[in-house]
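The listed protein sequences correspond, in order, to chains U and A.
Under my numbering, read the first sequence as residues 1393 to 1662, first letter to last.
Under my numbering, read the second sequence as residues 414 to 737, first letter to last.
Since the hints were made in silico from the structure, they are not lab data.
With a straight-line cut-off of 30 Å between C-alpha atoms, the simulated DSS-like cross-links for lysine-lysine are:
1) 1658/U x 1643/U
2) 1613/U x 421/A
3) 1613/U x 1557/U
4) 686/A x 702/A
5) 611/A x 1497/U
6) 537/A x 1643/U
7) 1557/U x 1535/U
8) 708/A x 697/A
9) 421/A x 1535/U
10) 1497/U x 606/A
11) 421/A x 1658/U
12) 682/A x 572/A
13) 572/A x 606/A
14) 1475/U x 1557/U
15) 686/A x 696/A
16) 1643/U x 1613/U
17) 624/A x 611/A
18) 624/A x 1497/U
19) 579/A x 611/A
20) 537/A x 708/A
21) 476/A x 537/A
22) 624/A x 606/A
23) 686/A x 535/A
24) 1643/U x 476/A
Because the structure is a prediction, the values reported are computed rather than measured.
Single-letter residue listing:
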Amino acid sequence: MISFFILRGILERSIILSLLPASMHITARIIHFDDLTLEGAFGIGSGVMALLLSHHYSLFFSLLGSIFAGALSGLATAILHTKFYLNPLISGIITSTALFSITLKVAGAHIALPIKTAFFYNDISWIALVVFLTFFLAYLFLKTELGFLLYAVGDNQKLIIGLSKSPAQYQTIGLIIANALVGLSGALFTYYLGYFSIWSNVGMLVVALASLILAESMSNKFNFFLMAGSLLYQIIIAITYSFHIDQDWNKLITASIVVICIFIQKIFKR
Amino acid sequence: MNKIFTHKIFTRRFFQLLFLIFFLIVFYGFHKFANGFHAKKKTEFTVGIIKTATHPALNEAQKGFIDTLHTINPHIFFIEKNAEGSVATLQIIADEMHSDPNINLIYTIATPALAAMSQKEKIKPIIFTAVTDPTILHLNQENICGISDAVDETYLLDKTFNLLPKSHSFAILFNPSEINSVLSKNRMMQYAKEHDYKAHEYAVTSPLEIKVVLEQIESVDFVILPADNLLALAISLITETLKQRNIPCISCFPVEKDVLLYAGTDYYKAGEKVAAIAIILLKKEKKPKDFGFTKLNVDTLKYNEILLNHFNTMQKTIHKKGAL
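Bound-form chain U, shown alone:
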């Protein structure tokens, strides 16, 4: 049953969660750092948002808090990798694990957001504006000198060293930016749900990765196709759940639709 309400839901979620493939594009494709902090950063972003909103801080301040928390988690991963010489994957996992406890301490297991604080409650237009603006800023940022140096860290570290600059420093910057995006996404998602749950970040890594892969079947660059990828993934999920069949098959259906979508794209590219 396609209705306006379902389409709106798909659009809303895909806009909010499109920051995840964007973050993953920065880490995995630009600085070539396989970052698993994403799930933890999403959790801490939503936790900080819920905490600040429930203490009646302004929406703007709460969003900033979440972005800051996300950025800090990126910094933690970067420090683990560059100063303690841990493998990128391991440092991401460690940060994510640690962030679970921190989120639990910050926001508890469950917070229902006070609806009165949220002035534009469930109004997607300003959320979309925030996301588009963030996307645009990130897009512009990657065109600056610093942005190009981030590309260089991933592709050719010797170039960075040749310019007498530290690759570790640029990896750190990349991770901080990527996870700040995730923190923002987590905050917006919590606001959209109207409640915070410690489990709301479960599966976000898969959402990010699948959206990124779908986006990459359309374009390999950092642009608004990342949003299209996210939209496609949300459509796939919605279709999966609209089947009136045994619910145990859902994940299999999702997986097959993703495979079919990518396959079609590959055929087209030939």
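For this one, chain U is given, so just place chain A on it according to the hints.
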């Protein structure tokens, strides 16, 4: 500008996207066709069921509900959805349930499902079970009613101290990432403080940690488990380990064997009771606000005689040794 927006490539990408959208529409048409077979059945009412995750207790709540409604009226069609623990998926399901005009009533199982559905649906009646405390969700809608399954911990602890009169300390195993578990633990700690017993709290957040934590527990007279999904899933591990260590186990949810005493909700019965409300709501004889939030009575307090004798003699001998 980016190269992607040069004319030729852009057109190609545009057609690729168009093809994909076309494919999705064809697929959706097929899926509508597949779902059409259900709609042809003679149905009087349609009930949407949202389950938060696959879990024995939640499955029981669903089974009890469906069985009862089916015997009362065989012409009820059920749309069953399972979010498998994902909050994002719950949103999709809630959107679908809200926008399906055929659905007359929505049955939510466990807190996250209720939270998601109550945000979306303000008109169709929503009923719930397996929610310990609906007040934490700040629900102020008139279309919600249901049965909460809060267990009276003080009553259970009173009973336990009656059965094991020599005990003076206990351990609470709880899950800090479940709000119900934390609230239950707090009430137990309060009880211990009031009655001058020693209570130790042990937190577990994943099945892996349970074994480790159970081995840490020392010098307590019994271990008590609040109603919690994680503990319920790992119950056989918990009872087995505690049996080896000779520590009695008390639980706030029904367990088949190896626990000394349990109080708790029979989720199948809870499903049956909710079904009785549901049939009244479906016939529009009463409104959801007439029912409100009711609590399931804790009448299933059961204890294991053999274990009780065993632990009582054990406590007595320990006591004697201590006296000597």
